[in-house]
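Okay, here's what each chain looks like letter by letter:
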Amino acid sequence: MPLLENGQIKDDNWQIAIEGESLPSGDVLVPLARLAEGLGRNGDGRLGVLLNAGDQVEDLRVALPRLSCVQVTFPIFRDGRGFTQARALREHLHFKGEIRAGGHILPDQYEFLLRCGVNSVVVPEGVDASVWQKAHEAFTVAYQPAVLNEQPEGFAFRRKLL
Amino acid sequence: MSHAPHSPLPVGHYAYDEVDRTFLKQRVAQFRDQVERRISGALTEEEFKPLRLMNGLYLQLHAYMLRVAIPYGILNSGQMRTLAQIAQRYDRDYGHFTTRQNIQFNWIRLEDTPDILALLADADMHAIQTSGNCIRNVTADQFAGAAADEVLDPRVHAEILRQWSTLHPEFTFLPRKFKIAISGSPQDRVAARFHDIGLMARNGENGRPVFEVYVGGGLGRTPIVGVKLRDDLPEEDLIAYLEAILRVYNEFGRRDNIYKARIKILVQALGVDEFRDRVNSEFVAMDRARYRLDEGIVAAIRARFGVPDFDPAGQAAEKLAQQRKADRAFDFWVRTNTHAHKQPGYVSVTISCKPAGGIPGDVTSSQMNLLADLADQLSFGELRITHLQNVVLGHVRQDKLYGLWQTLEQNGLGTANVGFITDIVACPGLDYCALANARSIPIAQKLSERFASPDLQREIGPLRLNISGCINACGHHHAGHIGILGVDKRGEEAFQITLGGAADQDTVSIGQIIGAAMSEDETVDAIARIIDTYLARRTAGEQFIETCRRLGTAPFKDAAYATA
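Line by line, the protein sequences are chains A and B.
Note that our numbering numbers the first sequence so that position 28 is 28, with each residue one more than the last.
Numbers in our numbering are just positions in the second sequence, counted from 1, shifted up by 1000.
The reader is advised that the hints may include incorrect statements.
Derived contacts from chain B toward chain A, CB cut-off under 7 Å, selection only [as the list claims (entries may be wrong)]: (1) TYR1016; (2) VAL1019; (3) GLN1026; (4) THR1166; (5) PHE1173; (6) PRO1234; (7) ARG1247; (8) GLU1251; (9) ARG1255; (10) ASN1257; (11) TYR1259; (12) ASP1287; (13) ILE1301; (14) THR1336; (15) HIS1339.
For lysine-lysine, the following DSS-like pairs were computed, each having C-alpha atoms within a straight-line distance of at most 25 Å [stated by the list, open to error]: (16) B:LYS1319 x B:LYS1260; (17) B:LYS1446 x A:LYS134; (18) B:LYS1049 x A:LYS134; (19) A:LYS160 x B:LYS1489; (20) B:LYS1049 x B:LYS1177.
Distance windows between CB atoms, simulated [claimed, not checked]: (21) B:ARG1221 x A:GLY97: 15 to 25 Å; (22) B:ASP1017 x A:GLU5: 30 to 40 Å; (23) B:ASP1232 x A:ASP44: 54 to 64 Å; (24) B:VAL1019 x A:GLY97: 31 to 41 Å; (25) A:GLY97 x B:ASP1506: 50 to 60 Å.
It is worth saying that the hints were derived from the structure and are not from the lab.
The beta-carbon is built from N, C-alpha and C at its ideal position, and this holds for glycine as well.
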């Protein structure tokens, strides 16, 4: 499925590990259970981890310097655990690589994802990027600090968006 | 002399600036777009539901209901007039004050809601996070900034929490709703231990506040008294520590069963020590500087709160004493409906929204406009909604009370029953609510009629009576000295009685069901017999709840089920 990043739709060159099959060459996302296998892979591709909603981010601590990408998953848009996982990756584990969000996500949640440290969203084929961009531009102020370290807006915890 | 506000800042609550107003306009535009996407089909009802809920819009039995936020229960006269306008133009000319110090409109059309939100935004109001699985309206002591027993006005911190929780990127899709209350008085008037987080503020040694932090309390299907997590949380760590609690909850709270999803279930499942350990691990690991609540931030928010410009006490107390001596009915009203103020010559007044036979918490648009006028004339333009569904004028000069009472009397708002058996808290029940098993309003009205006699109510003395139309307990029946719970008994509406609940800080307890459900009329009769038993068996000066604790529920149960 395509990827939305910085308001643009682009092709996703990452492959997702298929259960019961050996890992392909190239960039691949593996589930947490196959992390060791991914780390032991010989080849030129980059490695990423596909986190499920119940996974502990802390389990990535040791491997994180060797990961290029972590994908957090929303089994349904109401399940907000991915927000905490993304924020913890940035704040606790100081992850500098790509964090993408996949699963069932609404454009209305886009800004929250970005402010929790997510870079890109896996979106359905044929999606209208302008709806997501509009959601991103809906607000020019936020009321709390976030991992993006936005500039203060006036006083208190207000932050300038955009 | 008029007390119309001459300060540019509203008394008792935060004054919006252009940044805040721009934000609200953007929020209205966002919701207008969401409504259009719903109508066009771009959003499914399932997808639209949490978005509308986070703007306070419920779909009830007969219509949409809009719940408007009244942060920490404070609003100014202009905002009250806006609510009156909404009641008149978009509802059936009334509104309903809720136990979270908010107001609900019960007969709203979906297509009108963007315009209503725009009208609210023009008055610096909104409906953000009055529903949904997010941090809800932060409640505070209805006598904040006025009470003689207060050590600290909690509203500045309530506003800081309101702002911090507004569209929080991480905590807007929690396992379940999340309610925070804050008090600045050792007399807990916010039911701190019946909240997801309850905060009790006091002055610390360095001149900055510290907070007792309670977590995991709540009513609903599983009533639990909150446990103390911290005794002396420093002010500068308030936001960081709450972030830590919410992070642990968001990560580990159950999502497989909505009835097991509140933080209280997580705290019980882990045990308080394990829960505290997880919060502390998060707290020590996090970037505390990012979330530090500096003195400068508190000062900046405080600077946007107007403060009352009190007049000297003069002869106000003496004049009031004379008027009370001369008019017995007035004297009774002063006894029940006023609360001691820290400023000499002033009192806080609770205006009862519970007239005999009335619907608890319902107020008409003309009453709202009258309340707004009275606030301008007598209380620096400030009004407060209480979690017991009444309205408070926080700062009234004692020599203005008599005139105020006469005006209230003429407008159906002069009932002298605050804290008495007819000061009933009730949820909307099956008259409106899609979840209810039984109607709360008719039984509240019958009980209100039954005990309407002022002499009888004074004879009975302080008594909290709470009614919920189902086990979700929006009427807080477990916290009532007498609680009534509506149930479905083979397709008929029926009611169980609970006894012994209390929400006061030192004696907090959960009411216990005394027996099988009865019909509406049988329940009203049973409660009358319970009261007779109390009157017959109390010792001198003993309040109902005290007799209940001393005797246990057995004699009351016998009385309740005794057939005539």
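Each hint tested on the structure:
Violation of the interface hint for B:TYR1016 is found here, the shortest Cβ-Cβ separation to chain A being roughly 12 Å, above the 7 Å cut-off. With a cut of 7 Å, the hint placing B:VAL1019 at the interface with chain A holds, because the nearest CB-to-CB distance is about 5 Å. Annotation: B:GLN1026 was flagged as interfacial toward chain A, and the flag holds, the nearest CB pair being 5 Å apart, inside 7 Å. Using the Cβ-Cβ criterion of 7 Å, the hint placing B:THR1166 at the interface with chain A is satisfied: the shortest such distance is roughly 4 Å.
Taken as an interface hint, B:PHE1173 checks out: its beta carbon lies about 3 Å from the nearest beta carbon of chain A, inside 7 Å. Taking 7 Å as the C-beta contact cut-off toward chain A, the hint placing B:PRO1234 at the interface is violated, the least distance being around 17 Å. For the restraint placing B:ARG1247 at the interface with chain A, the shortest Cβ-Cβ distance is roughly 6 Å, inside the 7 Å limit, so the hint holds. Annotation: B:GLU1251 was flagged as interfacial toward chain A, and the flag holds, the nearest CB pair being 5 Å apart, inside 7 Å.
With a cut of 7 Å, the hint placing B:ARG1255 at the interface with chain A holds, because the nearest CB-to-CB distance is about 6 Å. With a cut of 7 Å, the hint placing B:ASN1257 at the interface with chain A is violated, because the nearest CB-to-CB distance is about 13 Å. The closest approach between the C-beta of B:TYR1259 and any C-beta of chain A is roughly 16 Å, which is over the 7 Å cut-off, so the hint fails. The criterion of a C-beta within 7 Å of any C-beta in chain A is met by B:ASP1287, whose closest approach is roughly 6 Å, and the hint holds.
Interface hint status for B:ILE1301: upheld, as the beta-carbon distance to the closest one in chain A is roughly 6 Å, under 7 Å. Violation of the interface hint for B:THR1336 is found here, the shortest Cβ-Cβ separation to chain A being roughly 40 Å, above the 7 Å cut-off. With a cut of 7 Å, the hint placing B:HIS1339 at the interface with chain A is violated, because the nearest CB-to-CB distance is about 31 Å. Distance restraint check for B:LYS1319 and B:LYS1260: the Cα-Cα separation of roughly 56 Å exceeds the 25 Å cut-off, and the hinted pair is therefore not satisfied.
With a CA separation close to 53 Å, the supplied pair B:LYS1446 and A:LYS134 exceeds the 25 Å bound. Under the criterion of a C-alpha separation no larger than 25 Å, the hint pairing B:LYS1049 with A:LYS134 is consistent with the structure, at around 20 Å. For the given pair, A:LYS160 sits about 55 Å from B:LYS1489 by alpha-carbon distance, which is inconsistent with the 25 Å threshold. For the hint linking B:LYS1049 to B:LYS1177, the alpha-carbon distance of about 14 Å falls within 25 Å, and the restraint holds.
The supplied range of 15 to 25 Å is broken by B:ARG1221 and A:GLY97, whose beta-carbon atoms lie about 43 Å from each other. A hinted range of 30 to 40 Å for the beta carbons of B:ASP1017 and A:GLU5 is consistent with their spacing of about 34 Å. Range check, B:ASP1232 to A:ASP44: about 56 Å between beta-carbon atoms, so the 54 to 64 Å window is met. The hinted window of 31 to 41 Å between B:VAL1019 and A:GLY97 holds, with their beta carbons roughly 34 Å apart.
Taking 50 to 60 Å as the suggested C-beta distance range, the pair A:GLY97 and B:ASP1506 conforms, at roughly 53 Å.
In this structure, the hints that do not hold are numbers 1, 6, 10, 11, 14, 15, 16, 17, 19 and 21, in rising order.
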